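2 protein chains.
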Amino acid sequence: LTTDIITIALDAMGGDNGASVVVPAALSFIEKDFECQLILVGNEEKIRSYLPDNKLPDRLTIHHASQEVMMDELPSRALRGKKDSSMRVAIDLVKSQEADACVSAGNTGALMATARFVLKMLPSIDRPAIISALPANRGRTWVLDLGANIDCSGEHLFQFAVMGSELVSAVDGIDRPTVGLLNIGQEEMKGNEQVKAAHALISDSPLNYVGYVEGDDIFMRDDIDIVVTDGFVGNIALKSVEGLAKMISTALKEGFGKNIFTKIAALISMPILKALSRRIDHRRYNGAALIGLKGIVVKSHGGTDAVGFANAIAIAKKEVKEDVLGKVEDKVTALMQGRISK
Amino acid sequence: LTTDIITIALDAMGGDNGASVVVPAALSFIEKDFECQLILVGNEEKIRSYLPDNKLPDRLTIHHASQEVMMDELPSRALRGKKDSSMRVAIDLVKSQEADACVSAGNTGALMATARFVLKMLPSIDRPAIISALPANRGRTWVLDLGANIDCSGEHLFQFAVMGSELVSAVDGIDRPTVGLLNIGQEEMKGNEQVKAAHALISDSPLNYVGYVEGDDIFMRDDIDIVVTDGFVGNIALKSVEGLAKMISTALKEGFGKNIFTKIAALISMPILKALSRRIDHRRYNGAALIGLKGIVVKSHGGTDAVGFANAIAIAKKEVKEDVLGKVEDKVTALMQGRISK
Numbered sequence: 003l004t005t006d007i008i009t010i011a012l013d014a015m016g017g018d019n020g021a022s023v024v025v026p027a028a029l030s031f032i033e034k035d036f037e038c039q040l041i042l043v044g045n046e047e048k049i050r051s052y053l054p055d056n057k058l059p060d061r062l063t064i065h066h067a068s069q070e071v072m073m074d075e076l077p078s079r080a081l082r083g084k085k086d087s088s089m090r091v092a093i094d095l096v097k098s099q100e101a102d103a104c105v106s107a108g109n110t111g112a113l114m115a116t117a118r119f120v121l122k123m124l125p126s127i128d129r130p131a132i133i134s135a136l137p138a139n140r141g142r143t144w145v146l147d148l149g150a151n152i153d154c155s156g157e158h159l160f161q162f163a164v165m166g167s168e169l170v171s172a173v174d175g176i177d178r179p180t181v182g183l184l185n186i187g188q189e190e191m192k193g194n195e196q197v198k199a200a201h202a203l204i205s206d207s208p209l210n211y212v213g214y215v216e217g218d219d220i221f222m223r224d225d226i227d228i229v230v231t232d233g234f235v236g237n238i239a240l241k242s243v244e245g246l247a248k249m250i251s252t253a254l255k256e257g258f259g260k261n262i263f264t265k266i267a268a269l270i271s272m273p274i275l276k277a278l279s280r281r282i283d284h285r286r287y288n289g290a291a292l293i294g295l296k297g298i299v300v301k302s303h304g305g306t307d308a309v310g311f312a313n314a315i316a317i318a319k320k321e322v323k324e325d326v327l328g329k330v331e332d333k334v335t336a337l338m339q340g341r342i343s344k
Numbered sequence: 003l004t005t006d007i008i009t010i011a012l013d014a015m016g017g018d019n020g021a022s023v024v025v026p027a028a029l030s031f032i033e034k035d036f037e038c039q040l041i042l043v044g045n046e047e048k049i050r051s052y053l054p055d056n057k058l059p060d061r062l063t064i065h066h067a068s069q070e071v072m073m074d075e076l077p078s079r080a081l082r083g084k085k086d087s088s089m090r091v092a093i094d095l096v097k098s099q100e101a102d103a104c105v106s107a108g109n110t111g112a113l114m115a116t117a118r119f120v121l122k123m124l125p126s127i128d129r130p131a132i133i134s135a136l137p138a139n140r141g142r143t144w145v146l147d148l149g150a151n152i153d154c155s156g157e158h159l160f161q162f163a164v165m166g167s168e169l170v171s172a173v174d175g176i177d178r179p180t181v182g183l184l185n186i187g188q189e190e191m192k193g194n195e196q197v198k199a200a201h202a203l204i205s206d207s208p209l210n211y212v213g214y215v216e217g218d219d220i221f222m223r224d225d226i227d228i229v230v231t232d233g234f235v236g237n238i239a240l241k242s243v244e245g246l247a248k249m250i251s252t253a254l255k256e257g258f259g260k261n262i263f264t265k266i267a268a269l270i271s272m273p274i275l276k277a278l279s280r281r282i283d284h285r286r287y288n289g290a291a292l293i294g295l296k297g298i299v300v301k302s303h304g305g306t307d308a309v310g311f312a313n314a315i316a317i318a319k320k321e322v323k324e325d326v327l328g329k330v331e332d333k334v335t336a337l338m339q340g341r342i343s344k
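So the sequences go chain by chain: X and Z. Be aware that the first sequence starts at 3, since it is given in our numbering, and climbs by one per residue. Be aware that the second sequence starts at 3, since it is given in our numbering, and climbs by one per residue.
Source of the hints: derived by calculation from the structure; they are not laboratory data. Note that the structure is predicted; figures quoted are calculated from it, not measured. Be aware that one or more of the hints could be misleading.
[Claimed, not checked] With a cut-off of at most 30 Å between alpha-carbon atoms, the simulated DSBU-like pairs for lysine-lysine come out as follows:
| hint | chain 1 | residue 1 | chain 2 | residue 2 |
| --- | --- | --- | --- | --- |
| 1 | Z | K265 | X | K265 |
| 2 | X | K198 | Z | K323 |
| 3 | X | K48 | X | K97 |
| 4 | Z | K248 | X | K276 |
| 5 | X | K248 | Z | K276 |
| 6 | X | K265 | Z | K260 |
| 7 | Z | K248 | X | K255 |
| 8 | X | K248 | Z | K248 |
| 9 | Z | K265 | X | K255 |
| 10 | X | K276 | Z | K265 |
| 11 | Z | K323 | Z | K333 |
| 12 | X | K198 | X | K122 |
| 13 | Z | K260 | Z | K248 |
| 14 | Z | K248 | Z | K276 |
| 15 | Z | K260 | X | K276 |
| 16 | X | K97 | X | K57 |
| 17 | Z | K296 | Z | K85 |
| 18 | Z | K255 | X | K276 |
| 19 | X | K320 | X | K296 |
| 20 | Z | K97 | Z | K48 |
| 21 | X | K85 | X | K97 |
| 22 | Z | K276 | X | K255 |
[What the hints assert, rightly or not] Covered stretches of chain X, going by a simulated chain Z footprint (3 or more residues, C-beta under 8 Å):
| hint | stretch |
| --- | --- |
| 23 | 52–58 |
| 24 | 144–154 |
| 25 | 227–240 |
| 26 | 243–251 |
| 27 | 276–287 |
The C-beta atom is built at its ideal place from N, Cα and C for all residues, glycine as well.
Work out the full structure: start from the sequences and follow the hints.
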């Protein structure tokens, strides 16, 4: 645990709404948090236009960057052609240790490619993965990969299981968190070749593996800490449940807003509905760690608002404060090396 | 439209709970419906043990079959080794036109392989797909494939789009229903090779294609009638939203059951909560058509209860009554042949 101030670089241009979301998020974060300083990376003029009275509060600085990575830009082009993009410079600040972590709501592919190029991977890990905790019936379930890797081999899925396991162990203080592999059934014969290969590799490892799990198990099984899947499936499953959650919120709002009686019912039900809405509000779950890298990078939803982006900053802070990176690096290295020497 | 009685064969041994669910479902269905007769296919003794007083009501018959397909049995083994299974015999009854449709909650892989072998495919269609309607913010959205095909090429996804389009056109009476392709972003560069290939094929077809859609669009976009994906992703997305829906139902029940005040709030809120729970109750959406076959086969969830299975019977009935098969066959054939001759 460090008592020093924590420095977090923010890609102020990233995401669907760029500085209009990132700057207000930084301002509201810094107002309530006294352990961090934030660096807004990006076009200085644009950033300043979102500062009330053009004034920078304490512990908030601007680091100018002249370029922006577009949301639909090819990762390879962003990496090669935009060395002064807000995204790249924010990651560079982590590399040079001027920042302890960075947060971006930008183009996922570009973020992954750039972070991998600049920060490098942990030993024996091929690719970064995006991990986040989702609300579950009792507590929460961590899911990875949520969209960094579209095509994954069994070996990649195995590495995700290793990284996820060590991250959750470090963050949640669970000794040997349980790992499930997402599949379309629990029977051995089910699944594609990648899933079957990963099943064999994880079964053969020291991880606390519970076998195949299904989509509903993410939310309803209390004995699973981590669910592993490829980024294509993980991202679609995540967005699908977000869609359903939005649909339910909308239906409840409409239902309770109908007439005077339902409005009275809503008043009495308020604490229950609020608790539920807090639990399924995806903004509260916004901010996913890009793990496997030698540096802390947090990915925010591209379309999030200031509340969601501020939550992603809080996640970056927590990772720094609890030295998640150091813990994960040591353990992943040990596990992967033990495997090679076997 | 037929005025004759509709005959539906039920695989009474299929699913996690077999006859203990299928027989009560058949009894409750036949009690309220006077247009159908049902054939319970399977072990006669077992089936009879679930009949009150061992009495068969009118319009319910038993067709004995000596074997059962296990939930974890390899499809190829079931197909080759169990020619007198309840599943196989139910499908045979459709082939011989002794039944207009069949319903099974059994092993998905075996059902697909057997149905394909016995009933054969529509011209130019390679594989059956599982399609079902999910609740959406306004109306509903049809999704396929929900688990029949684990690995799909771009051509397969294209064929799903064609079949889905014609099915929804026939069932919902929409002239040119809109089709979206499930992906992890709406940008052209996103997605795996199969998705990109399907995107090109569907764009080039006469289908009413809206392009890539994301998971939340299933529930929140009002302009999409059909969402196409492979069976691995579709099944996991479906199960994931079911899990979240269960979690929310549980949370609401717990919240409203807490004390006397919340119980009063629950009473007043009852109509709203009931409406919501009806909307997200997956039993009401139970029963998915296996399309692409020259015969009507409806797949029920393996773990469903009698309410859910009865709903699957109702779906089979609707498909027969509206001659969905005839309509889809004509249109799919026309579209696929138009494509070849181009």
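Quiz prompt | Which numbered hints fail | solution = 2 and 23
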